[in-house]
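**Student:** Below, each chain spelled out in residue letters.
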Amino acid sequence: MIKLFFAWLNFGIILALGYYVYQRWFKAQLHLAIQTKKNQLQGLQNQVGSLENQIKELSIDLVLQQNKATDLVTKLQLWQTCFVAKQAQQADDFEKIQIKIEYNNQIKLQNLSLGLAQKAILAETLFQTNNLLREKFENLDQANLILKDALTKLNRSAGG
Amino acid sequence: MGMVNANLSIKYAKAFFNLYGAQLELADFWLIKKAATILAKNRAVLDLFNLHSEVEQLNLNRVFLKYFKLPESFSKLLTMLQKHKRTFLLPDILSEISELCLSYNRQLFFKLTAYPALSEVEIGQVIDYLEKNTNKQILYEYYQDQNLIAGFKMQSRQFLYEDTIKCRLQKIHRKLVRQN
Numbered sequence: 000m001i002k003l004f005f006a007w008l009n010f011g012i013i014l015a016l017g018y019y020v021y022q023r024w025f026k027a028q029l030h031l032a033i034q035t036k037k038n039q040l041q042g043l044q045n046q047v048g049s050l051e052n053q054i055k056e057l058s059i060d061l062v063l064q065q066n067k068a069t070d071l072v073t074k075l076q077l078w079q080t081c082f083v084a085k086q087a088q089q090a091d092d093f094e095k096i097q098i099k100i101e102y103n104n105q106i107k108l109q110n111l112s113l114g115l116a117q118k119a120i121l122a123e124t125l126f127q128t129n130n131l132l133r134e135k136f137e138n139l140d141q142a143n144l145i146l147k148d149a150l151t152k153l154n155r156s157a158g159g
Numbered sequence: 000m001g002m003v004n005a006n007l008s009i010k011y012a013k014a015f016f017n018l019y020g021a022q023l024e025l026a027d028f029w030l031i032k033k034a035a036t037i038l039a040k041n042r043a044v045l046d047l048f049n050l051h052s053e054v055e056q057l058n059l060n061r062v063f064l065k066y067f068k069l070p071e072s073f074s075k076l077l078t079m080l081q082k083h084k085r086t087f088l089l090p091d092i093l094s095e096i097s098e099l100c101l102s103y104n105r106q107l108f109f110k111l112t113a114y115p116a117l118s119e120v121e122i123g124q125v126i127d128y129l130e131k132n133t134n135k136q137i138l139y140e141y142y143q144d145q146n147l148i149a150g151f152k153m154q155s156r157q158f159l160y161e162d163t164i165k166c167r168l169q170k171i172h173r174k175l176v177r178q179n
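Protein sequences appear in the order of chains H and A.
Per numbering that gives the first Met the number 0, the first sequence starts with residue 0, numbered consecutively.
Per numbering that gives the first Met the number 0, the second sequence starts with residue 0, numbered consecutively.
Any given hint could be a false lead.
[To be verified] Below are the BS3-like pairs computed for lysine-lysine, each with C-alpha atoms no more than 25 Å apart in a straight line:
#1 A:174 / H:135
#2 A:131 / H:152
#3 H:152 / A:110
#4 A:110 / A:40
#5 A:10 / A:68
#6 H:135 / A:170
#7 A:170 / H:152
#8 A:110 / H:147
#9 A:110 / A:75
#10 H:152 / A:135
#11 A:174 / H:152
#12 H:147 / A:131
[As the list claims (entries may be wrong)] Derived coverage of chain A by chain H (criterion: at least 3 residues anywhere in the stretch with Cβ under 8 Å from a Cβ of chain H; other residues may be distant):
#13 116–127
#14 148–155
#15 161–167
#16 170–178
Keep in mind the hints are simulated off the structure, nothing from the lab.
Glycine included, C-beta positions come from ideal geometry on N, C-alpha and C.
Please put together the full structure from these sequences, using the hints given.
**Tutor:** What follows is the structure, encoded as structure tokens:
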């Protein structure tokens, strides 16, 4: 009976010891796992922090870019306004120049036709004068006078 | 005549004159000048030279030289022009040769035109004037031209002297045109 009692006692002590060792081992393992997970969590938290920082930077950049884009849009609108105004002015100027050119061309044409008419009159006058003089100098006495005069001039220049 | 053809004519004329220039006499000058004038006015005649047979070419050259009474030395020039199909240059070459003759003999050619007619003495006076002023012997052709109205005109390649009613009228006309 006593043996059985001790046997059960030994078995109980061994069981208690085993349970105790198992509990220690299990706690150690759990602690290790918790530590690992904690480390992983810390790493992830760090990554999240870094990503948050990046997001912040990007959002700052985005704001800056948005500001720039707004500036550019404003400038573009301003330039567009200027361009349209300038185009309108240029069209106005062009029209004015065209009117001036047309006016000048008209004057030139008038002058040209006037000049041509004058030239035609002069040519006609020359032709008629030529004919009149030819008729007049058919009288050889007068023609001879001119010829002698020309020869006298030639002789004078030869003498000079 | 284009610049290229003009230069070519001058080259042919100079080459011919270098070879045969010394043999040419005053009578030849007049014959060359006459031939140049006639051919320049009747350029279509030059198409006759474009024959294929050499015998025909030689015969035609003989007839040509005989008609214009040109020296035999021109036969070689004609043959060469026919060979290179440049007979159309002949009037200009002859004209250049006549100019080279003048230059070689220190002479100048003038076309003297007048209305009414100049007497022999008056022509003499005009020629004396030209000889004194150019220091060269003057060769001339004299024409009477009623288109001048009255007065006389002397013209060479380089010089022009004109004292006529026609010229005075043209000067007045030009002045009036410029003023307008």
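**Student:** So which of those numbered hints doesn't the model satisfy?
**Tutor:** The structure conflicts with hint 9 only, although it agrees with all the remaining ones.
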